[in-house]
Each structure stands twice: as structure tokens, then as C-alpha cells.
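Visitor: Chains as they are written, first to last, in the numbering used here: chain C, 1 to 139; chain F, 1 to 152.
There may be inaccurate statements among the hints.
[Unchecked claim] For lysine-lysine, the following DSS-like pairs were computed, each having C-alpha atoms within a straight-line distance of at most 30 Å: (1) C:LYS130 to F:LYS39; (2) F:LYS39 to C:LYS95; (3) F:LYS39 to F:LYS113; (4) C:LYS70 to C:LYS130; (5) C:LYS95 to F:LYS113; (6) C:LYS95 to F:LYS93.
Treat the hints as calculated values from the structure; they're not laboratory data.
Take a look at the letters that make up each chain.
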Amino acid sequence: MSLFGTLAIAGSGMSAESERLSAIASNLANANTAAGPGGQPYRAREVVFQAIPVDGADSNDAEAGLNGVKVAAVVESDAPTQSVYDPGSSFADDKGYVQMPNVSSVDEMVNMISAQQDYQANLEAFNVAKTLALRTLTI
Amino acid sequence: MALPIDTGIEFFRQVLALRAYRQEILSADIANASTPGFKAVDLDFAGALNAATRQPNSTAPSPVRRLWLVDDQRQMTVEGGSDAPEAAANFVKYQTGSEVTLDGNSVDLDQEKTAAAGNAVQYEAAATFATQTIRMLMTAINGSGSQQSSGG
Numbered sequence: 001m002s003l004f005g006t007l008a009i010a011g012s013g014m015s016a017e018s019e020r021l022s023a024i025a026s027n028l029a030n031a032n033t034a035a036g037p038g039g040q041p042y043r044a045r046e047v048v049f050q051a052i053p054v055d056g057a058d059s060n061d062a063e064a065g066l067n068g069v070k071v072a073a074v075v076e077s078d079a080p081t082q083s084v085y086d087p088g089s090s091f092a093d094d095k096g097y098v099q100m101p102n103v104s105s106v107d108e109m110v111n112m113i114s115a116q117q118d119y120q121a122n123l124e125a126f127n128v129a130k131t132l133a134l135r136t137l138t139i
Numbered sequence: 001m002a003l004p005i006d007t008g009i010e011f012f013r014q015v016l017a018l019r020a021y022r023q024e025i026l027s028a029d030i031a032n033a034s035t036p037g038f039k040a041v042d043l044d045f046a047g048a049l050n051a052a053t054r055q056p057n058s059t060a061p062s063p064v065r066r067l068w069l070v071d072d073q074r075q076m077t078v079e080g081g082s083d084a085p086e087a088a089a090n091f092v093k094y095q096t097g098s099e100v101t102l103d104g105n106s107v108d109l110d111q112e113k114t115a116a117a118g119n120a121v122q123y124e125a126a127a128t129f130a131t132q133t134i135r136m137l138m139t140a141i142n143g144s145g146s147q148q149s150s151g152g
């Protein structure tokens with residue numbers, strides 16, 4: 001592995017973080033979706049990251065912890081949905097309650113900041129590796 | 001027996017390979033800053049460089065690769081499929097002292113970014129020294145009055 005391995009790792013980080021950002025955007029967009037597909041309220045999506053060896057890595061690298069990252073799964077949050085009293089809604093049950101999504105806007109905003117910082121850090125690592133590789137060409 | 005002309009450049013080759021290897025490790029930490037259960041690692045650079053540049057027994061064949069020998073079997077081959085010396089992976093250690101989050105991740109993003117920036121500067125320094133070594137050899141070959149040396 002070499003500086004190109006660094007580029008691959010930082011690239012895997014960027015693509016994973018942007019997927020996380022997509023999930024956050026989906027959650028925020030559906031924060032008030034009373035009924036999603038199938039008549040159930042929308043549930044917050046969360047991405048699960050997993051460390052994996054990038055392309056071209058050998059077993060030595062993986063043992064040493066030289067791993068990229070990928071989105072292993074997208075899971076639905078099992079937090080309870082919010083019950084809102086709204087008897088006029090067509091989604092209300094017999095007692096007048098509507099099940100609203102379990103999306104916490106505050107959680108999503110915090111997650112978004114974290115994802116943004118992680119993405120930036122990966123981008124920085126990518127740019128540094130690129131600079132070093134170009135510098136090496138001028139030895 | 002390595003020729004004197006080779007030793008300086010060979011050393012910088014090792015340094016650059018190890019610096020690039022450490023940069024990769026730090027990038028892996030940054031990429032996994034949100035991976036549950038991931039533990040931050042780092043390269044013991046001094047140990048790895050010592051192991052890579054240790055003088056072999058005089059009876060053993062020289063491990064120095066002389067790339068300019070056209071009839072050398074090992075020319076342009078990379079042992080172990082890795083640019084970094086094979087033993088370098090043995091010097092990758094878990095980082096200690098940083099906070100472990102609830103999901104078992106121990107990456108401190110600020111610390112990793114700082115270390116990566118410092119490592120990049122060290123890499124550039126080694127590359128500069130290598131350039132100067134090569135320029136010095138060019139001066140020795142061409143003589144001080146030539147265009148090559150005054151151009152540097």
C-alpha cells in the first residue's frame with residue numbers, strides 16, 4: 001500500500017459520510033410524515049458503519065488496522081413514535097391520536113454536524129495525500 | 001555491500017515509505033471516526049525505521065536493492081507486495097489515552113488531524129532532503145562549475 005491506499009481510505013470515508021448525510025436529510029424531510037409507505041409512520045433511518053479493508057490491501061494491512069469504512073446496514077430506529085392528539089386528521093385512531101415519526105430533529109442536527117466534520121476530515125486527509133504524492137514526483 | 005552513493009537515497013526511500021504508511025494509518029483512523037468499536041492505531045515510527053534500516057549480519061546477503069543494476073533479478077520488484085518495509089505492520093500500535101465513546105470508538109478526530117498534518121510536513125521534509133542528496137550527487141558528478149550545480 002502507498003499514498004494511493006491513503007486516497008482509497010479517505011475516499012471510502014467520504015462516501016460513507018455522504019451516505020450518512022443522506023439518511024439524515026431523509027429523516028429531517030420526513031420529520032412530520034404521519035403516514036409513510038404501508039400506512040405506518042416514518043421511522044428514523046440510521047446508518048451503521050463498519051471497518052473494511054480497501055481494494056488492494058493485503059492481510060498485513062488489515063491486521064495492522066489499515067481499514068477503510070463502509071455502510072454495513074441502514075437500520076430503522078426503534079425509538080417509540082410520538083402520539084399527537086389531532087382528532088381531525090384522517091390518520092387519527094378511535095381516540096383521536098395520530099402516530100407521528102420518531103425523528104428527533106435535535107438528534108438529527110447534532111448528527112449532521114458530526115457527519116459534516118467527519119467528511120471534512122476525510123477530505124483533508126485526501127488532499128494531504130494528493131499533495132504528498134505530487135511532491136514526490138518532484139524529488 | 002552497498003555503495004556509498006546508494007546509502008543516502010536508500011535511507012530516504014525507507015523514510016518516505018514509512019511516512020506514507022503512517023499517513024495511511026492516520027487516514028484509516030479518520031475514515032473510521034464514527035465506526036462503532038473501532039480502536040485508533042498509530043505507527044511507532046522510530047521503531048519501524050530502526051528495524052527497516054538495521055544493518056544485517058555481514059554474512060547475510062545485502063538487503064539493499066540496487067535498482068540501477070539492469071541484470072539484478074530484484075530490479076523493480078517489491079517484496080511482500082508492499083511499499084512499506086514488511087516489518088512495518090508489526091510496529092502499528094493501538095493508541096492509548098484518548099476517550100472511548102459509548103459505541104466503543106476511540107478515535108480523537110482533532111488528534112488524528114494534528115498528527116496527519118505533522119506527518120505530512122515530515123514527509124515533505126524527507127522528500128526535500130532526498131532532493132538535496134540527489135542534487136549533491138549531481139554536483140559531484142558534473143563538477144561545481146557546471147550548469148547543473150549553479151541551476152540548483
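Visitor: Quickly compare the C-alpha distance for C:LYS95 and F:LYS93 to 30 Å and report which way the hint goes.
Guide: 60 Å, violated
Visitor: Is F:LYS39 within 30 Å of F:LYS113, Cα to Cα?
Guide: 16 Å, holds
Visitor: Run the distance test for C:LYS95 versus F:LYS113: straight-line Cα separation, threshold 30 Å.
Guide: 55 Å, violated
Visitor: Within 30 Å, alpha carbon to alpha carbon, are F:LYS39 and C:LYS95?
Guide: 50 Å, violated
Visitor: Are the Cα atoms of C:LYS130 and F:LYS39 separated by 30 Å or less?
Guide: 26 Å, holds
Visitor: Just to be careful, I want the Cα atoms of C:LYS70 and C:LYS130 compared with a cutoff of 30 Å; is the pair within it?
Guide: 22 Å, holds
Violated hints, listed in ascending order, are 2, 5 and 6; each of the other numbered hints is respected by the structure.
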